[in-house]
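Hey, can you work out the whole structure from these sequences and the hints?
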Amino acid sequence: MLADSLGAQPVLARERLFDGRVWDVEAQEFELGGTRIRREVVVHPGAVAIAAVNERDELMLVHQYRHPAGGTLWELPAGLLDVDGEDPLDAAKRELAEETDLAADGWQTLLDVSTSGGGSTEIIRVYLATDVRELPDAFDRFHEEAEMERRWVPLDEIVEAALAMRIHNATLLSAALALAAMRTGGGTAHLLAAHPVDVPFDWHPLHR
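Residues 1 to 208 in UniProt numbering are what the sequence shown spells out, letter by letter.
Derived from the structure by calculation, the hints contain no laboratory data.
Yeah, the Cβ is synthetic: ideal placement off N, Cα and C, and Gly gets one too.
Any given hint could be a false lead.
To be verified - Computed list of lysine to any residue pairs in SDA-like fashion (alpha-carbon distance at most 20 Å, straight line):
(1) K93 to D82
(2) K93 to F201
(3) K93 to P45
(4) K93 to W107
(5) K93 to L135
(6) K93 to G106
(7) K93 to A194
(8) K93 to H207
As the list claims (entries may be wrong) - Simulated DEER-style distance windows between Cβ atoms:
(9) S5 to D84: 27 to 35 Å
(10) E29 to D156: 47 to 55 Å
(11) R21 to A69: 17 to 25 Å
See the structure below:
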């Protein structure tokens, strides 16, 4: 069975290089194959994203300016796990409401994404939200979110845009292609299903 192997090498020494508002940077030393290695690591709190699907097989996307990426990206609603003690599912429900004015009655785990395993501890849990409804009141939004557009987009259109290299957000690409595989299935349909909402979040440092 193809599977990643969880198990970090012990950190023999660490040096804080940068303290940021959202994430920090550390130099960490560890041993691998008898050699001591030093690597700079972005220490990230992790995040959640939500693939909210309606009865027309459309996903709720947000169009948000991303300065480091150099443009405005189509993305899933998402947010940082930066509230101490907050359960990831509760964070997902909060982010869905805050970014899209939506709530959902059906929740499952779709997949976990390591966005840049060679340089960052970031891991994103993507939830599948169904039985979606509009909330009665809209949230006030600030900074990049103040100009953010939200749109229901057919899954087929997202997959076509992904394969044509017109969209680039890693979490959206992963989730859309996973959902497309679940829809088609073929001979592996019995293997392709979302997971229980409480499946262990083992790859997140605080949930191992």
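Has the given pair, K93 with H207, been kept, meaning a C-alpha gap of at most 20 Å? Answer holds: K93 to H207 is near 19 Å, not above 20 Å.
Given the hint that K93 pairs with L135, test it: the Cα-Cα distance must not exceed 20 Å. Holds, at about 12 Å.
Next pair to validate is K93 with P45; report whether the Cα-Cα distance is within 20 Å. Roughly 18 Å separates the two Cα atoms, so the pair holds.
Measure nothing beyond the straight line between the CA atoms of K93 and A194; if it is 20 Å or shorter, mark the hint as holding. The hint holds at about 17 Å.
Note whether the CB distance of R21 and A69 lies within 17 to 25 Å or breaks it. Check passed, 18 Å falls within 17 to 25 Å.
For the range 27 to 35 Å, tell me whether the beta carbons of S5 and D84 fit it or not. 29 Å, holds
Taking the Cβ atom of E29 and the Cβ atom of D156, is their distance within the range 47 to 55 Å? 48 Å, holds
K93 and G106: Cα distance at most 20 Å? 11 Å, holds
Is the hinted pair K93 and D82 satisfied, with a Cα-Cα distance of at most 20 Å? 14 Å, holds
Do the alpha carbons of K93 and W107 lie within 20 Å of each other, as the hint requires? 9 Å, holds
CA of K93 to CA of F201, is that 20 Å or under? It holds: about 17 Å lies between the C-alpha atoms, which stays within 20 Å.
When the structure is compared with the earlier hints, no violation turns up for any of them.
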